[in-house]
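Participant: Required output: the full structure, derived from the provided sequences and hints.
Listed below are the residues making up each chain.
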Amino acid sequence: MDTIETVKQQGLSAIEQANDLDALNQVRITYLGKKGPVQDLMKIMKDLSAEEKPKFGAAVNDCKKALAAAIEAKQATLKDAALNVKLESEKIDLTLDGYHPHNGSVNPIQLIIEALEDCFVGLGYTIAEGPEVELDYWNFERANIPHDHPARDMQDTFFIDVNRLLRSHTTSIQMRVLDEYSADLPVKLLCPGKVYRRDSDATHSHQFTQCEGLVVGKNITLADLKGTLQFMVDAIFGKGRTIRFRPSYFPFTEPSVEVDMTCHNCNGKGCALCKGTGWIEILGSGMVHPHVFEMAGIDPNIYSGFAFGVGIERLAMLKYGINDIRDFYTNDLRFLEAFKRFN
Amino acid sequence: MKVSVKWLNSYVKVDDIDVHELADRITNAGIEVEGIEPLTVATSVVSGEVIECAPHPDSDHLHVCKVDVGSEVLDIVCGAPNCRKGIKVLVALVGAQLKDGTIKASTIRGCASNGMLCSLLELGIEKNMLPLGSKSDTGIEELPLDTVNGNAHILDDLGLVDWILDVSPTPNRADCNAMWNFAKEVGAILNRDVTIPWIDGYANQGGPTKLRIYSTTANCPHFLGKIVNHVQLGPSPKWMSEQLHAAGVKSINNVVDISNYVMLETGQPLHFYDLRTNPDQEITVVDDYQGPYTALDGITYDLVKGDLVITSGGKAAGIAGVMGGDNTKIENDTTSILIEAALFDHAAIRHTSNRLGLQTEAASRFAKGLDPLAQRKAMDRAVELLVKYANGSDMEATVEYGNDQYTPNVVVETMEHLNGLLGTHIALESAVDVLKRLDFDPKVDGTTITCTIPSYRSDDVKLAADIDEEVIRMIGYDDLTNTLPLCENSFGSLNASQKQRRMIRSYMTNHGLNEIISFTLVDDYGSTHGALPLGPRIAVASPLSEEHKYVRNSLMSSLLSTVAYNHAHFIKDVNLYEVSSVYGDHPLDQPLVYPMHYTDPNPWDQQERLGIVLSGLLETNPLVHHSLKTDYYVMKGLIEGLLEQLGYDGKRIKLVENTIDTDHFHPYQSVTIQLNGQTIGIFGRVHPAMEAHYDIQDIYYGEIDLDALVNGHPNGIKVKTINKYPSTSRDLSIVVKEDVKAADLCASAKSAGGKLVSSVNVFDVYTGQHVEKGYKSVSLSIVYESFDHTLKDDEINPIQDKIVDTLVCVYHAVQR
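Heads up: the sequence lines are chains A and B, in that order.
Adding 4 to a residue's 1-based position in the first sequence gives its number in the numbering used here.
Adding 25 to a residue's 1-based position in the second sequence gives its number in the numbering used here.
To be clear, the hints were calculated from the coordinates, so they are not data collected in a lab.
Incorrect hints may appear among the rest.
[Stated by the list, open to error] Straight-line C-alpha distance at most 27 Å; calculated DSS-like pairs for lysine-lysine:
no.	chain 1	residue 1	chain 2	residue 2
1	A	279	B	679
2	B	524	A	198
3	B	574	A	198
4	B	679	B	745
5	B	654	A	344
[As the list claims (entries may be wrong)] Only part of the chain A face toward chain B is listed, based on derived beta-carbon distances under 10 Å:
no.	residue
6	11
7	13
8	14
9	113
10	200
11	260
12	299
13	304
C-beta atoms are modelled at their ideal positions from N, C-alpha and C, and glycine is treated no differently.
Facilitator: Next comes the structure, spelled out in structure tokens:
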């Protein structure tokens, strides 16, 4: 029995001293192999009496199990240690630059247009577009601006020839779609697009972007216009702004109003952006002029409608704090890359 | 228009309202007041007398004066050459505000100076507005010798204390450019009485006349003429010259001033002729006069057919509605004058004024439109003032050509329609109150209101909706509620083209490109050097500059010049795209027929395009050795990837060697994109000649017709069954001549391999060491696959051999 205990203690000690997996494997072969001390103990068994044999056999088995268990435990410890060494050897500088897939940017004008489109598509509007090279007829005549109307002075237009021009407002889209939908009312439309005027300085570009809205149906009111514009302002600038109407003039609407929004910079308290007034002019709008309806073959006694037109660059300048409208068209990458974010 | 508040106050009481509040109320009712300025900024200026004036001991031009300002005598040093003992002067006391600052007590070269003697310029009066006889342009202002010393209200007495409103009415409210009409508007806004000094019919008096007036053109439908004799030229009354001054008009003499004053009052431009220059006493307005003519400004203008011209005895006497003539003007010894109050067509006047570059006040007023009764009002008023202030007498009868063609507009509106359109609950009484204030003479029958519109509003108020606007603009929009339209629900959505644009935008952004929006108008080079130009360029008639003259028929020049801009600003990696329509000229065979319908063909072609430009690196990650230098293949992959996402895979799109445009693209590094046999795009390396124009290098450009993609029936999503049996891949390396195309090798291999070959791709191309010059090594990856069993080597081997045999046979390939 003492012999068994000695073998066991020697074995455990050898396991304890094994420093790596190879050494441990050697210990396993040495002690538990066919020529090892445990097998040798079994050889002793044949010389023992019948009573002693089972006892001795059980003790040898216990010894074998204990050594096997110790080897397994040691093996786990050594594996852990080896893994830790390996992991430590794989240490890297976490502060070096990551791999950046290069993100492009969406044009700020487009960001605003898409925001408006999403807002109005949600209200059931259709997005309508039209040509930028346009006929005088759709740009002016049908918008109730006949030849030599004084309002033509308000818009210095790029004429191409006597009939053709570069559209001076997206109202020309409205006039085309009004013609298209005259027998298919009600209609709700949003018309974004580029427009052109012979004008150029820090607040005017000869090309800029407008977005007009048009709703025609029965019982459409000026109050509906105000509610719709409040909805739009909430969508673009966030809730908490109020809007107000001021009388104005456009040949294609009657009544016509300018629309102001409480300054988003100072919440209406008055600041440099709103020139101390607390209000910022954002768009022009009104109720569709009866002459415009008549020219489209729509009876103004049955139908009414509202229209509004907003300058996209103006909204973008207000929303993103851009000072010079020409920045939109210089297309300097340092400007464009500011619009990589989703918001 | 510049409006003197003092002048306004002579018609309607406004001097008890703060001027800023007044301006706000006018603006809020729809007539924008753009500016509010005091006539003079000066404070603490009193009248005084120079009682002693000695030369400064230490200066050759300064005077040392004692100035009596009533309460005390001040020591003041003055440098004005006209400073002398006995004159009456304007004295700015210590602490006074003047145009250029505050007056302080000081010592000038040893002499005390407690104040300053002023010229009108120092009070903020413009040099061109100085009154006649003023000394202020060369020295200090000299006041009349009977001026009382120490008058603290001297500026007020001189008519220099006033507020000037800069009023900018919208085009429909040109009536507000006349003081009388503006006063009526302000009266309506404030709900106050307005007194207009129009004595209706005053000019009807007069004896027999020989004057005859004709017009041979429809552009002069009405002309009132009248001769007034024994007129005496002299200075204007003080109030008139002061009011003119406040309105920014320089006082000349009583007769000239009256014509200007009445124009400001009524809006009607008047013209006075010296009767001596019209011995025949005949006036004919023509529009077919041709030849040079010298106007009042001394400049000779070349008049052409279409210009309205006043003639007398066949000779020109004035450019009608624009400027009078040098040969007929009022002289200092004029005694008999012929008054013209006429209506000229606004378009004709605008045309002549623009053509001659002669933007006069009269022309501007005719162009904006007049009160139809303005000729009568102005004639009455002018005659009245000439009688009162120029001793006019011996009047002859008024001669009228044509008539004013005026009948008042009568407009009917119901409260139901009004509240229905506005979405309001305005009471009948409120609406009627507003309409009364506006002098619309409302007559009520139940809920129906019948309005008779005053003459000066007749261009603007014609329809029921016009009445609605008047009512709500005067009541104000503050109580308007927020509602949304109640109409049939509709399904809002984007159309196929709009959706495609969003897909492109998302794809391009994710692949590192920046979206630009650039100018539609390009220069001569840009309009003649583009990729797949849509058609002949369209030019605008009067461009702002040569850089922006033609409507672009391709996006190429816009994107290349944007790259050039950024490269010039040391930004080297410039990868951009733009989505925009381009246009080409396309005149119609038929003339346009009016009224038009939206389906009528347009006399131009239009196409939506995508332009892509790559230069430098698309990705920059040097630390991870992952930087992507742009080249033909990056462009190709980008475009093929996009087309695939838009529903056009390699089976539908063909890339064909570019032979159609080798002027703008590298002849050996560019292809056209074909869909259903049509060329819908082009891409590749930009031709060095074009790069040189923009001073840029190594540029890759592509342009695609997006309309063709929208209309080309793109494929939708298709899900394939996943193969249960594994595929096997075999590599094959061969050496072929350098000009053998990879796509041909793959196609031949696939076709030789038959149905078990699912794909053949090139994964390496090598030239250089170990490969003979003129040859290249190409490595193919061939994937074998069956959908009903796992392929075994003895099935694959014969196929692989067949592929090799084919490549050897067709391309003289040598297996490596």
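Participant: Are the Cα atoms of residue 574/B and residue 198/A separated by 27 Å or less?
Facilitator: With Cα atoms ~16 Å apart, residue 574/B and residue 198/A stay inside 27 Å; holds.
Participant: With chain B as the partner, please determine if residue 200/A meets the hint condition of a C-beta pair closer than 10 Å.
Facilitator: Holds - the Cβ of residue 200/A comes within 10 Å of chain B, reaching about 7 Å at its closest.
Participant: Any CB of chain B closer than 10 Å to the CB of residue 13/A?
Facilitator: 56 Å, violated
Participant: Go through the hint on residue 11/A and say holds or violated, using the shortest Cβ distance to chain B against 10 Å.
Facilitator: 53 Å, violated
Participant: Could you grab the alpha-carbon distance between residue 279/A and residue 679/B and see if it respects the 27 Å cut-off?
Facilitator: 59 Å, violated
Participant: Hold the hint about residue 113/A up to the distance rule: shortest CB distance to chain B must be less than 10 Å.
Facilitator: Since chain B brings a Cβ to about 5 Å from residue 113/A, closer than 10 Å, the hint holds.
Participant: Does residue 524/B pair with residue 198/A here, judged by a C-alpha cut-off of 27 Å?
Facilitator: Given that 27 Å is the threshold and the Cα spacing comes to 19 Å, the pair holds.
Participant: Given the hint that residue 679/B pairs with residue 745/B, test it: the Cα-Cα distance must not exceed 27 Å.
Facilitator: Since the Cα atoms of residue 679/B and residue 745/B sit roughly 24 Å apart, the hinted pair holds (cutoff 27 Å).
Participant: Against chain B, with CB atoms and a cut of 10 Å, does the hint on residue 14/A hold up?
Facilitator: Hint violated; residue 14/A Cβ to chain B Cβ min 54 Å, cut 10 Å.
Participant: Starting from residue 654/B, check that the Cα of residue 344/A is at most 27 Å away, please.
Facilitator: 21 Å, holds
Participant: Mind checking the CB of residue 260/A against every CB in chain B and telling me if the closest is under 10 Å?
Facilitator: Constraint on residue 260/A satisfied, holds at 7 Å.
Participant: Does residue 299/A meet its interface restraint, that is, does its C-beta lie within less than 10 Å of any C-beta in chain B?
Facilitator: 7 Å, holds
Violated hints, in rising order: 1, 6, 7, 8; the structure is consistent with all others.
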